[in-house]
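J.: What follows is the residue order along each chain.
2 protein chains.
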Amino acid sequence: MKKQKKPSTAIIPCPVILVSVAHEKQPNIITLSWAANVCSDPPSIAIGVRPSRYSYDLIKEAGDFVVNIPSRDLLDATVFCGTHSGREHNKFEECGLTPVNATKVSAPMIEECPLNIEAEVKKIISVGVHDLFIAEVVAVHMDQEAIDSKERLDLNIAAPFTYIPLTGEYWGIGKKIG
Amino acid sequence: MKKQKKPSTAIIPCPVILVSVAHEKQPNIITLSWAANVCSDPPSIAIGVRPSRYSYDLIKEAGDFVVNIPSRDLLDATVFCGTHSGREHNKFEECGLTPVNATKVSAPMIEECPLNIEAEVKKIISVGVHDLFIAEVVAVHMDQEAIDSKERLDLNIAAPFTYIPLTGEYWGIGKKIG
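Quick note, the sequences are listed as chains A and B, same order. The letter at position 123 of the first sequence is residue 122 when you use numbering that gives the first Met the number 0, and the numbering goes up by one with no holes. The letter at position 138 of the second sequence is residue 137 when you use numbering that gives the first Met the number 0, and the numbering goes up by one with no holes.
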């Protein structure tokens, strides 16, 4: 038996990403979950951002950003960066995160995140209260200590986690099933 | 220390979805991972589909689809529906899945999936080898037995899983961390 619920953003599990962006005053970080890989060639991603958010104009002006995948020990910083505005906070400083230069884009990478994805904005699509930034991936970086002997990301070390919008909860990744 | 890798679709974890779509001959199912919630109001989702895939034209013609979230006991069907074409296969029949009528769209829901999301296509955006279908969620259904006492989806029963494109692996969801 199925129970009907009201329409909502119900796709699960969702990634949890820290988007870093450059700005002449200071770089900023915004936590997002409306995000996905959307195209294999050119490798492209999309992120949904509300135009009212401080980072919206920063990303639009810079034309690029970095998607940083946090490990679960960064959960507190992840929540902070999603609930405070860069208009009033220096999130790198207040969260103890370190900006390091990216190789292809103006946005800094977050050193403490085991996976960093440099991206250049290609299109901005209006959907509703969120706009969708479609961007091409131009470089990927992984922490040396999170790579296994086959040069692949070791998920047990990288320890990414997921957001479940239906319950408002964060859940860890479990075990390999296939 | 960071190690630079070539550009790729590196956002993790990714959802794993079974997209069902109507067709006069027989309904079809395609497994996708390039998918996300992208906008809160109207609740909207996006899925990336290659124009060469059989389901591409079906979705375009129907103008709607259902996103079905499989539980981990549907892993084999999930892999089958992502590696075989509806041009030669009746995937509902061959995978033992049951099409049931949706409430708002022409596409059928997959009864065996604990979460079903009805969606109407609003925009099709060309990105590269994948096109992005942006669609509005018009109804959500959950299995009665997967809902807890607060009427919320119980993740331990729904047992969604994730795809990790960097390693080509499927991983289960672990435990609540926040």
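Worth flagging that the hints you see were computed from the coordinates, not collected in a lab. Just so it is clear, the structure is predicted and the values come from calculations on it, not from any experiment. Among the hints, erroneous ones may be present.
To be verified - Cross-link-like lysine-lysine pairs, in silico, PhoX-like; alpha carbons within 20 Å at most:
#	chain 1	residue 1	chain 2	residue 2
1	A	K1	B	K103
2	B	K24	A	K5
3	A	K174	B	K1
4	A	K175	B	K59
5	B	K121	B	K149
6	A	K122	B	K174
7	B	K59	A	K1
8	A	K174	A	K149
9	B	K149	A	K2
10	B	K24	A	K103
11	A	K5	B	K103
12	A	K175	A	K149
13	A	K175	B	K174
14	B	K122	B	K59
15	A	K2	A	K59
16	A	K122	B	K149
17	A	K121	B	K122
18	A	K2	B	K2
19	A	K174	B	K174
20	A	K59	A	K24
21	B	K122	B	K103
22	B	K5	A	K121
23	A	K149	B	K5
24	A	K149	B	K174
25	B	K122	B	K149
26	B	K2	A	K103
27	B	K4	A	K103
28	B	K149	A	K4
29	B	K24	B	K5
30	B	K1	B	K59
31	B	K59	B	K24
32	A	K103	A	K121
33	B	K103	A	K4
34	B	K1	A	K103
35	B	K122	A	K149
36	A	K5	B	K121
37	B	K2	A	K149
J.: For every hint, state whether the structure bears it out.
T.: Cross-check of the supplied hints:
1. A:K1 / B:K103: Holds, at about 15 Å.
2. B:K24 / A:K5: 31 Å, violated
3. A:K174 / B:K1: 25 Å, violated
4. A:K175 / B:K59: 34 Å, violated
5. B:K121 / B:K149: Violated, because 33 Å separates the two Cα atoms, which is more than 20 Å.
6. A:K122 / B:K174: Answer violated: K122 of chain A to K174 of chain B is near 36 Å, above 20 Å.
7. B:K59 / A:K1: Between K59 of chain B and K1 of chain A the Cα gap is close to 27 Å, so the pair fails against 20 Å, i.e. violated.
8. A:K174 / A:K149: Satisfied, since the Cα-Cα distance of roughly 19 Å is no more than 20 Å.
9. B:K149 / A:K2: 13 Å, holds
10. B:K24 / A:K103: Violated, at about 49 Å.
11. A:K5 / B:K103: This hinted pair holds, its Cα atoms lying about 12 Å apart.
12. A:K175 / A:K149: 17 Å, holds
13. A:K175 / B:K174: 14 Å, holds
14. B:K122 / B:K59: Holds: K122 of chain B and K59 of chain B sit about 10 Å apart, inside 20 Å.
15. A:K2 / A:K59: Violated, at about 41 Å.
16. A:K122 / B:K149: Distance of about 40 Å is beyond 20 Å: violated.
17. A:K121 / B:K122: 17 Å, holds
18. A:K2 / B:K2: 47 Å, violated
19. A:K174 / B:K174: It holds: about 11 Å lies between the C-alpha atoms, which stays within 20 Å.
20. A:K59 / A:K24: 16 Å, holds
21. B:K122 / B:K103: Distance of about 18 Å is within 20 Å: holds.
22. B:K5 / A:K121: 19 Å, holds
23. A:K149 / B:K5: Given pair K149 of chain A, K5 of chain B holds - Cα atoms ~15 Å apart, limit 20 Å.
24. A:K149 / B:K174: 28 Å, violated
25. B:K122 / B:K149: Outside the cut-off at roughly 35 Å; violated.
26. B:K2 / A:K103: 14 Å, holds
27. B:K4 / A:K103: 13 Å, holds
28. B:K149 / A:K4: Answer holds: K149 of chain B to K4 of chain A is near 13 Å, not above 20 Å.
29. B:K24 / B:K5: 42 Å, violated
30. B:K1 / B:K59: Cα-Cα ~42 Å, so violated.
31. B:K59 / B:K24: 16 Å, holds
32. A:K103 / A:K121: OK: K103 of chain A and K121 of chain A at ~15 Å, within 20 Å.
33. B:K103 / A:K4: The hint holds at about 13 Å.
34. B:K1 / A:K103: 15 Å, holds
35. B:K122 / A:K149: Status violated; Cα separation ~40 Å.
36. A:K5 / B:K121: 19 Å, holds
37. B:K2 / A:K149: It holds: about 13 Å lies between the C-alpha atoms, which stays within 20 Å.
Checked against the numbered hints given earlier, the structure breaks hints 2, 3, 4, 5, 6, 7, 10, 15, 16, 18, 24, 25, 29, 30 and 35 and satisfies all the rest.
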